[in-house]
Amino acid sequence: MKTLWKLTWVEIKLFFREPTTMVFTLALPLLFLFVMGGVFGNDADPDIYRGFGPTNYYIPAYIGLVISSIGVISLPVHLTGYRERGVLKRWHASSISIWHLLGSQVLVSFFIAVIGSVLMIALGYVAYDINNPQGIGLVIAAFALGMLSFSALGFLLGALFPTTRAAQGIGMILFFIMLILGGAGPPPEVLPDAMRLIGDFLPTHWVIYGLQGPWFGLGWDTKASLIVAGVLVVATGLSVRFFRWE
Amino acid sequence: MPGIIEVSNLRKVYGSTVAVDDISFDVREGEIFGLLGPNGAGKTTTVECLQALRHPDSGRIRVLGLDPRTQGVALRRLVGSQLQESSLPDRIRVWEALDLFASVTPHALDWHTLLDQWGLADKKKANFGNLSGGQRQRLFIALALVNNPRVVFLDEMTTGLDPAARRVAWDLIRAVRDRGTTVVLVTHFMEEAEKLCDRLAVVDRGRVIAMDSPQALITDHAGTVCVVFSTERRDLEWLETVPGVAGIERFGNHVEVEGSGPLLALVAAALVEHDIVPHDLRVEQPTLEDVFLNLTGHEAEE
Numbered sequence: 001m002k003t004l005w006k007l008t009w010v011e012i013k014l015f016f017r018e019p020t021t022m023v024f025t026l027a028l029p030l031l032f033l034f035v036m037g038g039v040f041g042n043d044a045d046p047d048i049y050r051g052f053g054p055t056n057y058y059i060p061a062y063i064g065l066v067i068s069s070i071g072v073i074s075l076p077v078h079l080t081g082y083r084e085r086g087v088l089k090r091w092h093a094s095s096i097s098i099w100h101l102l103g104s105q106v107l108v109s110f111f112i113a114v115i116g117s118v119l120m121i122a123l124g125y126v127a128y129d130i131n132n133p134q135g136i137g138l139v140i141a142a143f144a145l146g147m148l149s150f151s152a153l154g155f156l157l158g159a160l161f162p163t164t165r166a167a168q169g170i171g172m173i174l175f176f177i178m179l180i181l182g183g184a185g186p187p188p189e190v191l192p193d194a195m196r197l198i199g200d201f202l203p204t205h206w207v208i209y210g211l212q213g214p215w216f217g218l219g220w221d222t223k224a225s226l227i228v229a230g231v232l233v234v235a236t237g238l239s240v241r242f243f244r245w246e
Numbered sequence: 247m248p249g250i251i252e253v254s255n256l257r258k259v260y261g262s263t264v265a266v267d268d269i270s271f272d273v274r275e276g277e278i279f280g281l282l283g284p285n286g287a288g289k290t291t292t293v294e295c296l297q298a299l300r301h302p303d304s305g306r307i308r309v310l311g312l313d314p315r316t317q318g319v320a321l322r323r324l325v326g327s328q329l330q331e332s333s334l335p336d337r338i339r340v341w342e343a344l345d346l347f348a349s350v351t352p353h354a355l356d357w358h359t360l361l362d363q364w365g366l367a368d369k370k371k372a373n374f375g376n377l378s379g380g381q382r383q384r385l386f387i388a389l390a391l392v393n394n395p396r397v398v399f400l401d402e403m404t405t406g407l408d409p410a411a412r413r414v415a416w417d418l419i420r421a422v423r424d425r426g427t428t429v430v431l432v433t434h435f436m437e438e439a440e441k442l443c444d445r446l447a448v449v450d451r452g453r454v455i456a457m458d459s460p461q462a463l464i465t466d467h468a469g470t471v472c473v474v475f476s477t478e479r480r481d482l483e484w485l486e487t488v489p490g491v492a493g494i495e496r497f498g499n500h501v502e503v504e505g506s507g508p509l510l511a512l513v514a515a516a517l518v519e520h521d522i523v524p525h526d527l528r529v530e531q532p533t534l535e536d537v538f539l540n541l542t543g544h545e546a547e548e
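Those protein sequence lines, which keep their order, are chains A and B.
Each residue of the first sequence is one higher than the one before, starting from 1 at the first, in the working numbering.
Each residue of the second sequence is one higher than the one before, starting from 247 at the first, in the working numbering.
Only chain B is shown next, with the shape it has when bound in the complex (with noise of 0.2 Å):
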């Protein structure tokens, strides 16, 4: 299957700065697809380029099968956007905004609808300028929406809101992938991309060092899984023998294993073997922050 989304030898420089080196992806139809890196890794001028914002220098883009070069008209209008640096006037209502932006195609969803899902049902008929930036975040996101677009692009879009409201986002933003629109984001939070990407690529210096699941980019790059549990027995010299363990620490009755691969599915196994059956049987699994720290030598600001 083609990719919704292809990318290949994207390049984009700003005068003696590259922002974009080398980068190529595909994203599939129906996945949340994650551009992952720090600050200033590219992400944001790729985005651009594959919403027909900016030129790139070199490298091919199709989106929807559309060149954004040449058909940027046609492309935009069957995307939607959260930008990153962009704004309203200050006057202008929450509900005109929804408006107008829904009167760009006759396929546009209800945005008496989004209000709600959003939180914003109360601030209908708000000024923009007066909104918190929570509010104003959730509202862009909204905007991205509100005509019914194939795919969607989110940059950064959690930045501004608190906790709870960026669990509520990632729930609203897995309920936009499963009714069939496909969502490229990017952000610079580990734990975002973790829980919500599909897919991602990890973008530093304008390059993809890495793509793939979370889980996967964890099993391969993040290093050791820890199986963590508590017991009075001390012999467990044949803990060594399972696959995939490296090392055991003991601090009292606490017990740390250190290994690679399906760790806590063999370790359990073997403790059930033995007759250890701990309460407190537990997998401290490595992170997409540890992923970063060892493919990149340098860790991603936050």
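Isolated chain A (complex conformation) (with noise of 0.2 Å):
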């Protein structure tokens, strides 16, 4: 346990220590939020954002989004990174464990999250008036089991990418049809028939509206928490299937 808090505590330093992650991971849904919000205000078009205002649509969609850029950007970047440098090799020739190592990845991604999210939604609330959430206990739950998902997804993509520049390249396009299609970028209604169907097989998707339903009081969307779950167990079995050291 001890490794398991001192490697965590390493690696929360080491986020702090590197700016371009940080202001990637951290600033760019700010900076998403902000430009939609101005563009599209906070007032509610039942047509469109599933019936609520855009600034209340997107600040749960955000945290989805952030949640999606560590788990297809960071984690594997950083996972490859350590692997191609052999800083794998030596956590691993002494004692660190893979357990180790996704459980401080794991944490650490958590953190980063957490901070990420609280970030919006002082920004939601400062510059756009956003509706407080409505069950708290259940947006935290469903923000957890989509943290977990996209850690193991994370974990499962810095197994299989070759290299860190294969990780950067295939991690950012990922990324932006998840920002698009996944429901963090146009409203969901306006897309054609065929992103919809796309976008309804990215996990993205699950984990946003597993977070907007509690957030606006629909309750826990059970639908998309056995999909965001359904992830987290295959990408769980298949990256230590797939993990190597070096």
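Source of the hints: derived by calculation from the structure; they are not laboratory data.
Just so it is clear, CB atoms sit at the ideal spot from N, CA and C, and this is done for glycine as well.
You may find that some hints are simply not true.
Said to hold, decoys possible - Here are the computed lysine to any residue pairs in the SDA-like style, where the Cα-Cα straight-line distance is at most 20 Å:
no., chain 1, residue 1, chain 2, residue 2
1, B, K370, B, A354
2, A, K2, B, R339
3, A, K6, B, T351
4, A, K2, A, A141
5, A, K13, B, N376
6, A, K223, A, A141
7, A, K2, A, L102
8, B, K369, A, K2
9, B, K441, B, A462
10, A, K2, B, N376
Said to hold, decoys possible - FRET-style restraints, in silico, Cβ to Cβ:
no., chain 1, residue 1, chain 2, residue 2, range
11, A, V118, B, G276, 52 to 60 Å
12, A, V114, B, T316, 36 to 44 Å
13, A, F111, B, T316, 52 to 60 Å
14, B, W341, A, A166, 31 to 39 Å
15, B, K370, A, F176, 38 to 46 Å
16, A, G217, B, K370, 47 to 55 Å
17, A, M172, B, S270, 50 to 58 Å
18, A, V240, B, N540, 48 to 56 Å
19, B, T316, A, P192, 55 to 63 Å
20, B, W341, A, D47, 57 to 65 Å
21, B, D268, A, V23, 21 to 29 Å
Put the two chains together into one complex, using the hints given.
As structure tokens, then:
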């Protein structure tokens, strides 16, 4: 346990010492919120944004986006970089186990996502007068589930990508697909059918629905949570299978 | 006494490249054991198999009585490891790495002491990425020792160290051995192997071609010793009757006696007996370099 905490703490410090990762993970979603909020305001229209005010809609959506960007970019790039440079080999030889590594990455990801989400919510309150989330407890549960799921996905991608370059390139593409089609870009209602169909296959979409359900007072989204949990189970299994130290 | 490490018929193949062909050796508790050979001889693959970082294709390994194939997790906790190709995150601080690696066992050493011993005290808060090559190398050795291992594997530990730092490192490694830790040293530096190892295995093309103490290897495989001195006397024929002497050459007052066995002592005794007491009597010993050359027919690349 001691090793897990130490490794987690070191990783948190490393995150704050690496400005580019920090800016991308924390500032980009804020920028999106700022732009989208500025363009669409927060007046509800029954035909789009599931009938909610755009900014009210986007806050939980961008929390989902923060979670997604950690899972498809930060974590895989971090892990492939570690593997490429021999850091994982160094950890391995010094008895740092896959569970220490996985555990610390999950904890650090949670930590970063919480900061990102708090910043987002704060901006929402200050700049756009958003509504309070309805079911805080369930929002937190959906957040935790989404974060675990995307941590596992990130670990899997980190195991599969051969190089850091691949992780950066493919991760970025995945991120923008998830952003645009997953529910954090244009309102889902205006997307053509084919794009909506693709969106339905993106885990980000279901993380966002899982957050929006309790946030808007629609209750726990069982379908979304089952899909997110399914991704968690499959990604964990596959990442343990495909994980390589070097 | 059974060896603390036992390796028999180890073999590891990567695709069509035979990295380790057939390697067997035993390491005794409390010694510095060397694996000496040129780059690509299979030394690193061998020690990585011993640390359960690679799975051998065949052969039997026991390290501290454990089988790396099935008991790798327990094994890695008991051994220390300095790897040839590994790294740390650029922005991790020196003390953070030591503190982290110390946390894997309750028996860890106080890393402050290691910082002092390895000359890193003033680099405690430096980022790994800002360390020089030599500082990194010393940090890796300190990291290999911080879990207070019973066996420590050092793979090319003095690469990147300047000659002075190398000598300091040798002294520290001897001190580590004297405190009871068994040291397995992988090196291609002949001088390092000769000065530091209690015993060593000469490895070439995935096989052990000789194994003994450096001195015994030199005596057995290096051929002739040369005793050198100066004298004005010309009548030295009687030296040829000294046991072991193979030939005498004169260059003015300078005399070179070639031979084998304990040549210096025998020649010295004979000289004293004939009232010759030269001030510059000395022996030019062959080195491990000569051993290597004789055994393999090719030179070890530096």
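Next item on the list: Output the numbers, in ascending order, of every earlier hint that fails for this structure.
Entry: Structure breaks hints 4, 8, 10, 13, 21.
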